[in-house]
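Here's the letter readout for the chains.
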Amino acid sequence: MSGLEDKEFEKLAVPLLDGLYNFACWVSGNPDEARDLVQETMLKALRGFASFRQGTNFRAWMFRILRNTFLTSRTGLERRNTQQEDEETFAEAAVSPETPEIALIRRANTELVQAAIAQLAPTWREVILLADLEEMKYKEIAEALDIPIGTVMSRLARARQQIRSYIVAALSEKKVVGIKQ
Amino acid sequence: MNCEWREKTNLYADGELEPAAQQAFAGHLQNCTECSAAVLEQQELKKAVRLAGKRFSAPPELYATVRRQAGSQARIRYSWWKAAVVAACLVIVAAVGFAWYSGTRETNATVAQLVDQHVTMLASANPYDVISSDSHTVKPWFQGKLPFTFNPAVPADSPFKLLGGKLVYAQRSPGAELVYQVRQHRISVFIFQARDVHGQASAANLAFTVNGWQQGGLQYYVITDAAKEDAERLRSLLQEANR
Chain Y
1 MSGLEDKEFE KLAVPLLDGL YNFACWVSGN PDEARDLVQE TMLKALRGFA SFRQGTNFRA
61 WMFRILRNTF LTSRTGLERR NTQQEDEETF AEAAVSPETP EIALIRRANT ELVQAAIAQL
121 APTWREVILL ADLEEMKYKE IAEALDIPIG TVMSRLARAR QQIRSYIVAA LSEKKVVGIK
181 Q
Chain L
1 MNCEWREKTN LYADGELEPA AQQAFAGHLQ NCTECSAAVL EQQELKKAVR LAGKRFSAPP
61 ELYATVRRQA GSQARIRYSW WKAAVVAACL VIVAAVGFAW YSGTRETNAT VAQLVDQHVT
121 MLASANPYDV ISSDSHTVKP WFQGKLPFTF NPAVPADSPF KLLGGKLVYA QRSPGAELVY
181 QVRQHRISVF IFQARDVHGQ ASAANLAFTV NGWQQGGLQY YVITDAAKED AERLRSLLQE
241 ANR
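For the protein sequence lines, the chains are Y and L, in the order given. Residues in the first sequence are numbered consecutively from 1, following the working numbering. Residues in the second sequence are numbered consecutively from 1, following the working numbering.
Honestly, the hints are just simulated from the structure, not real lab data. Honestly, I wouldn't trust all of these hints.
[Claimed, not checked] The list that follows gives simulated cross-link-like pairs (lysine to any residue, SDA-like), each with its CA atoms no further than 25 Å apart:
id, chain 1, residue 1, chain 2, residue 2
1, L, K54, Y, A142
2, Y, K7, L, I131
3, Y, K139, Y, E111
4, Y, K11, L, A21
5, Y, K137, L, A21
6, L, K54, Y, Q162
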């Protein structure tokens, strides 16, 4: 790899830093660990940049390295060992159309939505973060997380349904409490 | 509550439908309050997640570290490369010295001078006076600077890429140095008027491949650390271009 390629790498990678760090914080739950993960990701990517094919998706490639780095870290291994999710059995029909709660969702403040994201199963959280924060296409998410597009769609639907229920439940409770007072 | 389009609201809100389907869905939304409310909710939810999810920003020191990582990677390679150039220079000095004592002083003086120029170009931070991969930019740049003309173009499907050119002097005569790249190697092609500069081109003892020829009253030299075959191939391409 030449100096020119290093410059090219820097140009492509630096704009992704905030997104990668934010994602790393969410998955690892620890800013120090997130910093190490991003640093390691950058080093791995820099070393592998020569093999990175121009025209393929650089962002998905970077998130994929980050996620693999996380999964082989101590926290990542712990997560893999404790994970008991069977979201793949989730059928599309399980998302029963409910009455939209637009007003409630609008009322949800940042802390509440953050709490809703935090309580998601890690594999669902990753998908919704990549979809709504990084605004990745399903195909990119599938590439970054190394899962089929169908799984992306089902996890995303499930994650949204949970966030929505969490917000609705929290705000309805508050409303009830408010009436009682 | 059971609109058949309802299950597509996620796809629509994420912009994942094919353009035609996206448009058809948008049309449907005009008439279906159920779906339009569902889409609106999806959009509100997406917005809420986007705003709340952007919770952590990379600290400035992480930016600095990453930039340093990219930089040091370049430096490691650069210093390796510099060491290689120094080593190559030593070999050339030794080879030129050897050639000198072998009594081929006259013959190799020009070539040694040009090899020096090639190494200077390799080590220089500003190796070209005109930087362009387009022969139509490089060629006119030399107009008025040199009393002759030539064609630096090589076919686009050849492994050679023109990087730029530089005005050089050898034996007090002006000439052109064209720099090409083949894989990771750079090749200098020197062009002078044949009557001004003359030297035997073969330099078997030098670490560099030197390939020279005369054509149309001009003296050409190809100097590179790439394979002999590459030098030979570039030579035939340029001979063809200047025929």
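Results of checking the hints against the structure:
{"no.": "1", "hint": "K54/L x A142/Y", "result": "holds (21 Å)"}
{"no.": "2", "hint": "K7/Y x I131/L", "result": "holds (18 Å)"}
{"no.": "3", "hint": "K139/Y x E111/Y", "result": "violated (30 Å)"}
{"no.": "4", "hint": "K11/Y x A21/L", "result": "violated (36 Å)"}
{"no.": "5", "hint": "K137/Y x A21/L", "result": "holds (17 Å)"}
{"no.": "6", "hint": "K54/L x Q162/Y", "result": "holds (19 Å)"}
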